[in-house]
Amino acid sequence: MELAVSDLTCARGGVPLLEGVRFTLPAGAALVLRGPNGCGKTTLLRTIAGLQPQLSGTIDCPPDAITYAGHADGLKAVLTVAENLAFWAAIHGTPGIDAALEAMNLTDLAARQAQHLSAGQKRRLGLARLLVTGRPIWLLDEPTVSLDTASVALFGSVARTHLARGGTALMASHIDLGLNEARVLDLTSYRAAPRLPQGFDEAFA
Amino acid sequence: MIALLLRDLRLAFRAGGGFGLGLGFFLVLAVLVPLGVGSDPRTLALIAPGILWIGALLACLLSLDRMFALDHEDGSLDLLATAPIPLEGVVAVKALAHWLTTGLPLVLMAPLLGVLLNLPGAAYGWLIMSLLLGTPALSVIGAFGAALTVGLKRGGLLLSILVLPLYIPTLIYGAEVVIRGAQGLDTTTPLLLLAGITAGSAAILPFAAALALRVNLR
Chain A
142 MELAVSDLTC ARGGVPLLEG VRFTLPAGAA LVLRGPNGCG KTTLLRTIAG LQPQLSGTID
202 CPPDAITYAG HADGLKAVLT VAENLAFWAA IHGTPGIDAA LEAMNLTDLA ARQAQHLSAG
262 QKRRLGLARL LVTGRPIWLL DEPTVSLDTA SVALFGSVAR THLARGGTAL MASHIDLGLN
322 EARVLDLTSY RAAPRLPQGF DEAFA
Chain B
16 MIALLLRDLR LAFRAGGGFG LGLGFFLVLA VLVPLGVGSD PRTLALIAPG ILWIGALLAC
76 LLSLDRMFAL DHEDGSLDLL ATAPIPLEGV VAVKALAHWL TTGLPLVLMA PLLGVLLNLP
136 GAAYGWLIMS LLLGTPALSV IGAFGAALTV GLKRGGLLLS ILVLPLYIPT LIYGAEVVIR
196 GAQGLDTTTP LLLLAGITAG SAAILPFAAA LALRVNLR
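Those sequence lines, one after another, are chains A and B.
Positions in the first sequence are counted from 1; adding 141 to them yields this note's numbering.
Positions in the second sequence are counted from 1; adding 15 to them yields this note's numbering.
Output of the computed footprint for chain B on chain A, the stretches with three or more beta carbons under 8 Å from beta carbons of chain B:
{"#": "1", "segment": "191-201"}
{"#": "2", "segment": "210-218"}
{"#": "3", "segment": "232-241"}
Quick caveat, the hints were computed from the structure, so don't treat them as lab data.
We put the beta carbon where it would ideally sit given N, CA and C, even for glycine.
The shape of chain B in the complex, shown without the other chains (with noise of 0.2 Å):
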């Protein structure tokens, strides 16, 4: 399973990997966000929790169908399933190192960019805070949509129709917990939804995931 994990990663960061390509979608998202809107402070520090949560959203998204197509286009899907790890260990490996070089350096980005879209002070912490809890539930309902589309040509774009819709949960209480932070207001209710979310999608999908990459394999 590690080794796996180190390989995903180390494959994520040679030529070619698409490491920093959501990071890069994310900057450039939050820098057109002012030039579309206006700069009035007030305006962009009223969306900006939105924003940047939409942001990380569809930063997340555009590595997604890499996940299980490459491996299933070049062979080793089919020996991974034959090898003595399980299938849904090898779905929640590959949503973990999905994690680590997609959502984590977003949730490390993102206060950065909250200074450009003006988001008041008081929001920083929840910002991390709900991006940190909330974006592995993005991972990991991303690898069963993923799973679900792997065997098709050109699946990105179903792809993304199947995945949006279930980001909804997430995006709802990821933005309210960052929304409640900057006004001061109390946050424990939806952050503890979106920790829910997160624990309960990290328990769940994986055995989906697994179950579609079996039928995707025959």
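Pulled out of the complex, with its shape left as it was, chain A reads as follows (with noise of 0.2 Å):
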């Protein structure tokens, strides 16, 4: 499963923020966004993930292959850990979420409602959604937020596994999750240039 990028252009708000944004990511691979706040990571995982179109620019890649993982974990807070997982599993069409369950450590809270676990526990079950959708190709929006040591450690190795089977991981964070083999890609090189405002101000200037 292969991702390729070439001359992605992506705005935020109707402003370019990135421009001739270009990496391929082979099978296996995995590349971590770095940048400074603001400068785009969210909108180009996005723009990947197919939830706003790109200024220009192709993004190559297999259909129904890639899955999201944003700010928001989009659990239900009336729903148990259990019944949560279990749903994402059927929209996906995935069998069991129990190896899900058991690589993030939540068997325990199986059965607590998702309003009563905590920030961490709610970014685990969040990050366990990733392993029931069956998609090779994850993009991670900041996924080591409010977790523990342990459990960075836990989604490190979750995530190595998952390469190791021949996913594909992007992800944006500024904390290190001990994948040593994966790049790193800069985006402060790719930032868009001021653009003159066109058309409608012309009249006026």
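Build the complex from these two chains, which are given one at a time in their own frames, with help from the hints.
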């Protein structure tokens, strides 16, 4: 499963943030996006996930291969951990949630409602969702927020297993997951040049 | 798709899900009207079809803004948009879930409230029939309105203003069926038009709503 991005320009709120972004992620590789706040990490991930259109450029990947984990975990507060996970498994047509519960150390919490989880436990449940989607390309936006050291290491090993099975991960993260093989892409060099206002304002210049 | 329907139904019935909210509103409205209008049976019988239909319409409106807003807040909508089911299907399923938790209970409750409003005996069958045919249109049109306003904070009022005018045809023909039924007249024409509105909106609006959702997700 290969993800190839070439000459991608993406915008947030009509303002181009990044231009000329290009990289190729072969199966089994991970890429970490770095850059200061507001440089367009989330925008890039959402564009690749197909949640917003790009201004120009191409994104090449097999259909239905991408799963996206954003800042919000997509959990329903009144459903239990197992119900939340079982729903996403059913939507993606994958069998069983036990392996995912096991992998993210959630088995003991399976019967608890999501509203009674701590922030870190919620995040672990949100990350367990990645496993039940069965999709090879993971787009992760700050996956380690509110995780403790042990859980970061746990997720690091889950991600490594995913890569070893031929999966791919593209993540925006400030914290080192311990994925030594991951390449780093600094987005600062792709920052879009400020553009002069066009069209409408010219009449008033 | 079935998983999504089951999840939405389960959420509606759990604490804070809002099931019964519309039903309670409908009940209160039907009790308030005789208090405000006076208890003259003839007057009540005259206005009962309209009141029952307006009550059902407003009760439907109450729970509309939750349809996509809750999923948008907790991020599920982003995840559903990248899931293998089409967004059009998501809209259709959510409208169906809304109808099952709001519209269908209203249909079942309406005859009881008809008694409170002295609805003529001949009209009960037509009341159930017209609501059964008309309320699905309310849910589907409402889903379109909810999709348009999904990104807005406190979008509920805007949603009402957008959706209520779209409810007018359903209201006119729905109430017309009951009025004609009460007078023993032929109801075929308004009934067919009502069914046509429901079928037409169910066929077109999920696509429009999915388009609106895609724009709002950006």
